[in-house]
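Visitor: The residues making up each chain are set out below.
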Amino acid sequence: MVSGDSAAVHTSDRKGSKGIAALLRSQMRNIAPFLTLILLSAFFAIASPSFATIDNVGNILTQVSVTGIIAVGLTFVILCAEIDLSIASIANVTGIAVAYFTLQESYVNIANIPLPGWAAILLALSLCAVLGLVNAFGLTVIGIPSFIMTLAMMQIAAGISALLVRGQIAYKVPDLIATLGSASIGGIPWIVIVAALMLLAGHLVLTYTRFGRYVYMVGGNREAAEYSGLNVKLILGSVMVISAVCSGIGGMLGVAHFGSAQQNEFDTYLLDSIAAVVVGGTSLFGGRGGIGNTIVGLFVLGVLNNGLDHVNIDSFLKILIRGLILLAALVINVYAQRLRAKAVD
Amino acid sequence: MPQGPSPLLELTQITKAFGGVEALRGIDFALSPGEIHGLVGENGAGKSTLMKIIAGVHSEFSGRFMLDGRETRFRSTRDARAAGIAMVHQELSVAPDLSVAENVFLGVQPTNRLGFVQWRLMAREAGEQLARFGIDVDPTARLGDLPIGLQQLIEIARVLFSGARIVILDEPTSALSPPEVERLFATLRRLRDAGTAIIFISHFIEDILNVSDTVTVFRNGRKVMDAAAGATTKAALIEAMIGKGREALEETYTHDVALPARSETPVVLEASGLSLARSLREVSFQARAGEVLGVYGFMGCGQLELARILFGKLKPDRGLLQVAGRTKAFGSTADARRAGIAFVPESRRAMLFHQEPVYKNVSISILDRISSLWLRPSHERDIAMRQVEQLQIRPTAVELDLGMLSGGNQQKVALAKWLTFPPRVLVLCEPTRGMDVGAKNDVIHIIRHLREQGLAIIVLSTEPETVLSLADRIIVLKRGAVVREFANEEISKDRLLEAA
Numbered sequence: 141m142v143s144g145d146s147a148a149v150h151t152s153d154r155k156g157s158k159g160i161a162a163l164l165r166s167q168m169r170n171i172a173p174f175l176t177l178i179l180l181s182a183f184f185a186i187a188s189p190s191f192a193t194i195d196n197v198g199n200i201l202t203q204v205s206v207t208g209i210i211a212v213g214l215t216f217v218i219l220c221a222e223i224d225l226s227i228a229s230i231a232n233v234t235g236i237a238v239a240y241f242t243l244q245e246s247y248v249n250i251a252n253i254p255l256p257g258w259a260a261i262l263l264a265l266s267l268c269a270v271l272g273l274v275n276a277f278g279l280t281v282i283g284i285p286s287f288i289m290t291l292a293m294m295q296i297a298a299g300i301s302a303l304l305v306r307g308q309i310a311y312k313v314p315d316l317i318a319t320l321g322s323a324s325i326g327g328i329p330w331i332v333i334v335a336a337l338m339l340l341a342g343h344l345v346l347t348y349t350r351f352g353r354y355v356y357m358v359g360g361n362r363e364a365a366e367y368s369g370l371n372v373k374l375i376l377g378s379v380m381v382i383s384a385v386c387s388g389i390g391g392m393l394g395v396a397h398f399g400s401a402q403q404n405e406f407d408t409y410l411l412d413s414i415a416a417v418v419v420g421g422t423s424l425f426g427g428r429g430g431i432g433n434t435i436v437g438l439f440v441l442g443v444l445n446n447g448l449d450h451v452n453i454d455s456f457l458k459i460l461i462r463g464l465i466l467l468a469a470l471v472i473n474v475y476a477q478r479l480r481a482k483a484v485d
Numbered sequence: 451m452p453q454g455p456s457p458l459l460e461l462t463q464i465t466k467a468f469g470g471v472e473a474l475r476g477i478d479f480a481l482s483p484g485e486i487h488g489l490v491g492e493n494g495a496g497k498s499t500l501m502k503i504i505a506g507v508h509s510e511f512s513g514r515f516m517l518d519g520r521e522t523r524f525r526s527t528r529d530a531r532a533a534g535i536a537m538v539h540q541e542l543s544v545a546p547d548l549s550v551a552e553n554v555f556l557g558v559q560p561t562n563r564l565g566f567v568q569w570r571l572m573a574r575e576a577g578e579q580l581a582r583f584g585i586d587v588d589p590t591a592r593l594g595d596l597p598i599g600l601q602q603l604i605e606i607a608r609v610l611f612s613g614a615r616i617v618i619l620d621e622p623t624s625a626l627s628p629p630e631v632e633r634l635f636a637t638l639r640r641l642r643d644a645g646t647a648i649i650f651i652s653h654f655i656e657d658i659l660n661v662s663d664t665v666t667v668f669r670n671g672r673k674v675m676d677a678a679a680g681a682t683t684k685a686a687l688i689e690a691m692i693g694k695g696r697e698a699l700e701e702t703y704t705h706d707v708a709l710p711a712r713s714e715t716p717v718v719l720e721a722s723g724l725s726l727a728r729s730l731r732e733v734s735f736q737a738r739a740g741e742v743l744g745v746y747g748f749m750g751c752g753q754l755e756l757a758r759i760l761f762g763k764l765k766p767d768r769g770l771l772q773v774a775g776r777t778k779a780f781g782s783t784a785d786a787r788r789a790g791i792a793f794v795p796e797s798r799r800a801m802l803f804h805q806e807p808v809y810k811n812v813s814i815s816i817l818d819r820i821s822s823l824w825l826r827p828s829h830e831r832d833i834a835m836r837q838v839e840q841l842q843i844r845p846t847a848v849e850l851d852l853g854m855l856s857g858g859n860q861q862k863v864a865l866a867k868w869l870t871f872p873p874r875v876l877v878l879c880e881p882t883r884g885m886d887v888g889a890k891n892d893v894i895h896i897i898r899h900l901r902e903q904g905l906a907i908i909v910l911s912t913e914p915e916t917v918l919s920l921a922d923r924i925i926v927l928k929r930g931a932v933v934r935e936f937a938n939e940e941i942s943k944d945r946l947l948e949a950a
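In order, the protein sequence lines correspond to chains A and B. Residue numbers for the first sequence follow the working numbering, so the first one is 141 and each next one is one higher. Residue numbers for the second sequence follow the working numbering, so the first one is 451 and each next one is one higher.
Bound-form chain B, shown alone (with noise of 0.2 Å):
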């Protein structure tokens, strides 16, 4: 570990919570000028949360910040970035209708004294910056029309050339290829060979492995491990971060799980070639009757746009999907519907009305089998009833608000939307994700309850234990492609992290 003489940042014993639920515990973490420093651990560990106190997102937080030696606390991102903290996010913020020189430029544009943008020494000073980075494109181009990964590149550049010390790179290298990867790597170290302070946040462990110097481990809002990467292993940060024996109830998957022999069920679903853009790329599967498919990956790696390909939400560039036997182009999420696709994505916000009561909820999808010219409150509302009897959500009043759910209810309430008249394939992203662990257990009851009634389920999720933990067979998406299959055989979850 490279001991400066004072570290640039120093935090000490850093508390913060959401409502209750801690997301970081007593969290020590030092930075030294001239350092490359990874941070792995699962979605939900805490490295982002101590990234945004960082970059001074989050100013509300128990524990001593200091910078430069001297106790700091930042009022707001502003605050930060004039101490020379810049962060890139791992959403694109870029402006796609401006120009390459305008994005590396935004918001301090050279001016002359009138107050004119001199637009050509602009270009200039962008184009050669931009070149120092390997990249060679032309600075009049509207940023939009290149390619995501060079984007994402021209983002990263602008924040590390804007004299930042501390720069933090949350997932920077999901949506680029290998040696756009190599390209970003070679800066880096060329940063921080002239002193500049960089986080590396990334699922990626070889990437993590390669660049940094130093590589700290989160796991349930704790430090972990503290390493030099020199002298650790993939396999014993993989260790790290899913934990040996994990305290609560929840299982852990470090032993392995055994997965049964391919079902010989009817396909009720094929993928054939879907590509789209750079998001995927000839991704094929089958989804049986009776079966749980899993679809694994890292954030990013296609999965989402995979999902609303099913729905109908999203149309493929190329490839063909076919609902029992039948090939489908859908023109709409309402002609999905019809071939028998249900659809709960990851954000419940976007599948639930929360200022309609539960009955209306639940009834939405199903209304034109229901009623036909006219409305039958009375009948949606015994329909309704008959779900959160089934389902058990809690409380059990149909005309309460959604909003007013427990966040597990509601996502009861996404699945029974789709209940009273049982799909062919039911499409679920991240069914489980942010709940408590009983209500976790009550979804993936009624999960395995329908595929035992032959519903072809198709699971995707970024969380290694949701797919264990449901699937039958598991597909793992990579940048856009099915890189490998499990099946009938023994899985663990470092198998799974390793794979992907």
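Next up, chain A with everything else stripped away, as it sits in the complex (with noise of 0.2 Å):
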């Protein structure tokens, strides 16, 4: 045992001596988005009178509850390690599909098929949760990396929408939906309760069930996860899924939020959704970060897209700021990434 003590002596020494050095850098993976978004904020805030109200928190809370709900799965996905590409095609479709169930109004041009309320509602998320599955048959049974097989799955999902809607717009949805798509109880909107409402259940069950801690240990060392005995396809194939609903769910109640239904309407949302969960500090690598840190990134995107409107910058500007955005905050993780692997060895 000679050797093994000193080992670990030497290490816990090296952790006393620089022990605040050490948890700033293991923890600079939550520290960085954190102090984006407050930098943002106060940038926005001095820059522009009309940004820090209470309207206008209301109005960022709002604009991003839809990708909060398309992001919630997204997370479970980026925390195996994987990726899904297809959420917004399937954001599309679910919401195309409940209203393809819902009764046009006659100048609608849809040869559609109309149901009661609750059916649409059931079958678009059964829509849904069949294209996630495919996606886990995809990537676990046969074996396609996620990037190729969701890419395929955004084509699948976005042609299902061609056909549904032939280019046509459709704007009925069923009552449940419309009122949690755009209405408002007691000043807050229904969607910011309800993206909320979802976080908060992710956030619980990655931190607290079983399943949880075991996309953090398949994210973490895929490799030892298959030798400690778990199913690893299980639970990949059900974070697929997982995705594929909250993006049937964020789809539904956006199609109610925007008032219609209509081709190609959720495109940005794909990459707002990566954006918020890897500004937000998850690992593209997978076992580290979690919806405390996807809810960081939401804000960050929030603040500047909002933050944006307020100043007067040339409105084609804001999409190169938006990129170089992004890009320093995966410089950031993949560097976080590296500080944390030097802190542990």
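Hints are computed from structural coordinates only; laboratory data are not their basis. Mixed in with the good hints there might be a few duds.
[Said to hold, decoys possible] Calculated from the model, a selection of chain A residues having no Cβ within reach of chain B, i.e. all distances over 10 Å:
id, residue
1, S190
2, A259
3, L262
4, V334
5, N361
6, S368
[Said to hold, decoys possible] Covered stretches of chain A (chain B as the covering partner; in silico rule of three or more C-beta atoms under 8 Å from a C-beta of chain B):
id, region
7, 305-311
8, 377-386
Even glycine gets a Cβ: it sits at the ideal position worked out from N, Cα and C.
Taking the hints as your guide, dock the two standalone chains into a single complex.
Guide: This is how it looks when you write it as structure tokens:
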């Protein structure tokens, strides 16, 4: 035991003398996004008087709600070191499906199948769950990398959307969806409440359930998870389905929120959701991060998008700025991973 | 010993340390043109380290490195290659999706003036080169479609014909069939006669004696023997490898270890006729309750594959696995775990979560038994604390990230994962590799204690000491087949080595 003990003592010595530095380094992943959020908020608050108002905070919350709902599922996927590129397409097709099964006004030229509201919602949810199952099947049973599998699913879901609406726009959705998507209660939009509840649920599952632990362990070291006797394929399959269902819910509420269901309506949500998860500090290599990080990421994105509208900037330049901020976050993400690895080894 | 006028390569007093541990201590080594130099030694004796210095992989070392009578120091493998030194590693490093010809000419494809690859010329020349080697194969075939032995021969051929003056072959014969080995040796002799210097590393001592001119034996980072191959014997080489009176506290197993009589306890796991591609052939054995079954063999003998079949990671092509009398076809490692099989792979990295606290590492395989939907972290910590105390894991903080523990303590955690609810069968790969004596003894005691509790334990190792110190019964694997079983008899390390 001689050399074993001395090695351990050595490590703890090092930890004692550089304790705070090491702690900061290992927490870099969580600190950096939070600092970014504070700096951005401070900047916009100074740059524009209309930014730091109660009303505008409400605006930001509403603006990030749909992204937030989609990002819940995506967080699970990225924690497993996989990716889901079909989230926006699945959101779109689910939103369209729920409208497709709802009675539309006579001027809407879609050969749709009107059903009772609950049936429409159930069918739409089943649709996104099935698409998620197909992703899961491709990833785990056939062995297609998630990047490629979900790229194909992105096209497939877009294809189904196209066939359902055929270039038309539908407006009506079931009452429940319309309420959750566009109504408010006590001044708070329902969509914000739904997003908050889903984020909370995601957090509880990831932190306090056995499944959540498995997600982190599979993401942290997939080989070790397998040699520990976990059913890795089942866990990976489950996160793909969770991601698709969250996207579907986001899509249905989004359609109600925007007031219409049409092709390509959610295209920007793919990048926004990935950005929210990653900017928040969840590791693209899996096993690190969580819903807390995603929430910070959502606010960074929300503040950025909203704030740029409050200051006088060329609207074409905004796209570039968003890209640069995303790049900076990715750089931090990769560096944080390295620092952390150093702190442990 | 062929004494050329001046050696091609002459190393003097080479010493190399990794983080305070000396891997090589004052090695002298000389190599002449037209010489096949055999190198033997146990795992960790320093052979590979020396070869990596010669091939430019390690550039930091002390001592004098003379090539062609001039002092040289390679900064990279690229420098070594430029100086005419080439190495064939034990693991295949071919591109399976490219053709045979592309592999032969990897990185040096013939091109015309415009920079386009001359495919037909390349195929023709590759075919001719391989034919000289006695390999008759379509140069346009996809390499990955060929048998592993043939792939390895092609890789060796590529290096041999690359024009290198010094060729290092690390365990080149482990995946080859006897006729393939003969073909390789014929080529090596021809190249030697043409003036190439060859360093040949192998665990197969017959092969070394068969093909080498000179043999060097390494032990514990020192050179302990240098002899002409014709003037020595297998027994003498094995003795030099093992050492007579070894310094440290370590048991040496030069004398006999008595294996107990065959146990009559129930058979817990039975394998019959397990076969897997080229790795395993008709492997059958029984593991009994309260018994440690040792599986010994050289690197590449099929142990790793066998262990993975037992834990449901690999599916055998043929053969039957029975656990407690029931036939099992594991679809996943989770199935194997539920059938009562526990597994510790040879690499700790492959089974532990270095960035997670110790208690999560201990509880991961039993979460479904100690919690339902919701986790019970305090219960998990209690369980982990109990294991930490029982196995004397240091430090005793279960909240600490696993990566902070020393190697020996990590290995104990890897065992602790399976001990809260004792499994029926415990499969251990290299359970004491790379540990200091103290940690090694601790692990050996833990395993013996588990045997007393009635577990069936299977220990797979390429280190004879590990098997001898733990096993009640030993089977020897050679090129994927069981060649010998030792039970109820006296056995020593050299007899074990001889059997493999």
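Visitor: Of all the hints numbered above, which does this structure not satisfy? Sort the numbers upward.
Guide: 5, 6, 7 and 8
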